[in-house]
Amino acid sequence: MRQRPMIWMLPVAVAAAALAIAGCGGGDDEESAGGEAARQVITVNWGTEPPSLDPGLATDTTSSNILNNVMDPLVKLGDDLEPVPYLAESWRISNGGRTVRFNLRQDGRWTNGDPVTAHDFEYAWKRTISPQLGADYAYQFFGIVGAQEYNQCESSCAAKRDAVGVSAVNDYTLDVTLTSPQPWFVQQMSHHSFLPVHRETVERFGNRWTEAANIVTNGPFRLAQWQHDSRIDLAKWDGWRNADEVTLQRVNGRMISDGTTAVQAFEAGEVDAILTVPPEEISRWKGTESYENYPSLGTYFYGVNVKQIPDLNQRRAMALAIDRRSIIDNVTQGDQIPAAGHTPQGMPGFQTINPNSTWLPENADLDRARELMSRVANPVRSITLFYNESPAHKPIAVAVQAQWKELGLDVTLKAQEWAQYLEFIGPPPNRSVDVYRLGWIGDYVDAFNFLEMWTCDSGNNSTNYCNRRYDRLLVQARQATNDQARYEIYAQMEEILFGENGDMPILPIYWYTFNQLEKPSIKETFEINLLSQIDLTEVVVEES
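Quick note on numbering: this note's numbering labels position 306 of the sequence shown as 388, and the sequence is numbered without any gaps.
The reader is advised that the hints may include incorrect statements.
[As the list claims (entries may be wrong)] Cross-link-like lysine-lysine pairs, in silico, DSS-like; alpha carbons within 25 Å at most:
hint : residue 1 : residue 2
1    : Lys389    : Lys242
2    : Lys158    : Lys208
3    : Lys158    : Lys605
4    : Lys476    : Lys368
5    : Lys476    : Lys487
6    : Lys496    : Lys476
7    : Lys605    : Lys368
8    : Lys158    : Lys368
9    : Lys496    : Lys389
10   : Lys208    : Lys242
Rather than coming from a laboratory, the hints here were simulated on the basis of the structure.
A quick note: this is a predicted structure, and the numbers were derived from the prediction, not measured.
Using the sequences provided together with the hints, build the complete structure.
What follows is the structure, encoded as structure tokens:
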């Protein structure tokens with residue numbers, strides 16, 4: 083999943099009002115109850131405006147984490163990232179792993195009082211897959227029979243829609259037919275793309291259905307307020323099926339994009355948690371009770387528009403010139419790990435998959451980089467590097483700018499606001515994009531999720547890169563009969579990208595960690611998992 087402006091993710095909210103106001107979002111109230119409830123309120127800096135709170139259109143971690151707390155997924159991830167029942171009370175896998183039946187709980191409710199049914203999931207999934215919506219994450223569903231064919235349909239698509247292997251057998255039974263056994267599929271249900279939506283609301287309000295006054299949700303929190311580019315507040319929804327187990331009453335969300343300003347707000351007691359610590363502040367906060375560093379399954383990388391920089395030797399030289407260790411030690415300072423490939427350390431099968439690429443050294447190899455540049459007949463000397471506004475990205479870009487100057491490259495840096503940035507870089511990328519920064523945090527715990535990004539038709543491939551052999555290997559991986567066979571195919575794909583003859587469409591820099599500031603009163607329960615997900619139902623504010 084595309085990471086939020088600084089690093090990629092965090093959870094919080096969207097939902098309609100309480101049952102008393104049947105389906106309407108909250109107003110401008112701060113909603114502070116008396117006694118114990120009044121103390122169960124936190125203020126979080128989300129750092130940015132979520133680009134979309136539509137499960138079918140959201141592609142970043144800010145949006146995802148809000149959605150995952152205002153909606154009710156079929157499964158959640160446990161402490162070891164294993165799928166655990168949530169709105170689905172059970173599931174059964176049959177037909178050699180190709181059929182999955184989800185049995186839904188019968189106490190799920192939308193905030194307007196309607197029951198949540200299997201039909202809501204069928205509608206939502208087919209909507210996301212539909213060619214009309216144009217969802218970047220439609221490919222997440224391509225492991226389902228007929229999904230890709232429907233998504234790529236150009237006319238007379240009704241029959242293809244009906245042929246998609248998703249079917250509400252009755253109100254509380256959902257059957258899914260897969261193209262092949264996919265061990266990660268049930269775990270994948272925790273991803274926001276597979277959330278249901280309330281059909282009547284979507285069809286009534288169109289592209290404004292996610293506004294606070296319109297939205298209908300079904301999770302533990304509702305969307306109490308959304309002042310665009312300013313704040314987004316969540317409030318506990320007492321109509322949720324397990325509301326008695328939720329202690330937190332309200333999350334007041336801010337959108338402070340400047341890192342220094344965010345830290346100042348934290349120190350002043352104006353916010354209780356910030357999701358990204360600016361690099362220049364990390365050394366000051368490390369070792370304090372407010373600082374927290376979490377491991378991650380994610381990769382920070384620069385994507386290269388291969389049509390703008392077509393020479394392979396130049397792309398390899400640019401990769402060699404990046405001093406990953408220096409960036410980690412002197413810029414980010416968050417104990418990240420130098421990336422030797424795209425699949426991050428900690429992923430199952432990592433020892434088999436990791437290419438240990440010679441083009442991605444921990445310390446820059448300028449001699450070899452200059453030698454490669456000397457082979458380039460028509461080097462691209464003037465390069466524009468784009469990044470999104472957020473505390474960490476500019477200093478990294480400045481460091482890389484200096485490192486590439488050693489190759490005789492004149493690098494211009496340009497920053498954009500997050501939502502605008504995602505649209506600008508594509509796919510397809512704007513023709514003025516030479517290099518762009520991005521990060522990817524796993525949607526589920528399998529390297530498939532990382533490697534499918536670089537297929538020819540991926541909604542996350544903004545490099546113009548296309549290698550048909552690579553695409554065929556991905557198909558083989560989906561059909562692999564066991565884990566080790568799948569890992570060996572992944573290794574071949576990493577080799578195509580970063581091996582001795584690798585294509586180098588992206589330049590991985592490091593594998594993520596998450597560095598946050600959390601008030602001691604919430605630190606024990608405000609935790610982020612390897613996939614950058616925060617579960618607000620677990621948060622409890624302790625007495626100071």
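Evaluated hints:
A distance of roughly 34 Å separates the Cα atoms of Lys389 and Lys242; the hinted pair therefore is violated under the 25 Å criterion. Among the hinted pairs, Lys158 with Lys208 is consistent with the structure: their alpha-carbon atoms are about 22 Å apart, no more than 25 Å. Restraint check for Lys158 and Lys605: satisfied, since their Cα atoms lie roughly 21 Å apart, inside the 25 Å limit. At most 25 Å may separate the alpha-carbon atoms for a hinted pair to count; Lys476 and Lys368 meet this at roughly 21 Å.
Taking the CA atoms of Lys476 and Lys487, the gap is about 16 Å. The hint holds against a cut of 25 Å. Straight-line distance between C-alpha atoms of Lys496 and Lys476 comes to about 9 Å, which keeps the hinted pair within the 25 Å bound. This hinted pair checks out: Lys605 and Lys368 have alpha carbons roughly 15 Å apart, not beyond 25 Å. Distance restraint check for Lys158 and Lys368: the Cα-Cα separation of roughly 31 Å exceeds the 25 Å cut-off, and the hinted pair is therefore not satisfied.
For the given pair, Lys496 sits about 19 Å from Lys389 by alpha-carbon distance, which is consistent with the 25 Å threshold. Note on Lys208 and Lys242: the hinted pairing holds, with a Cα-Cα distance of about 10 Å set against a maximum of 25 Å.
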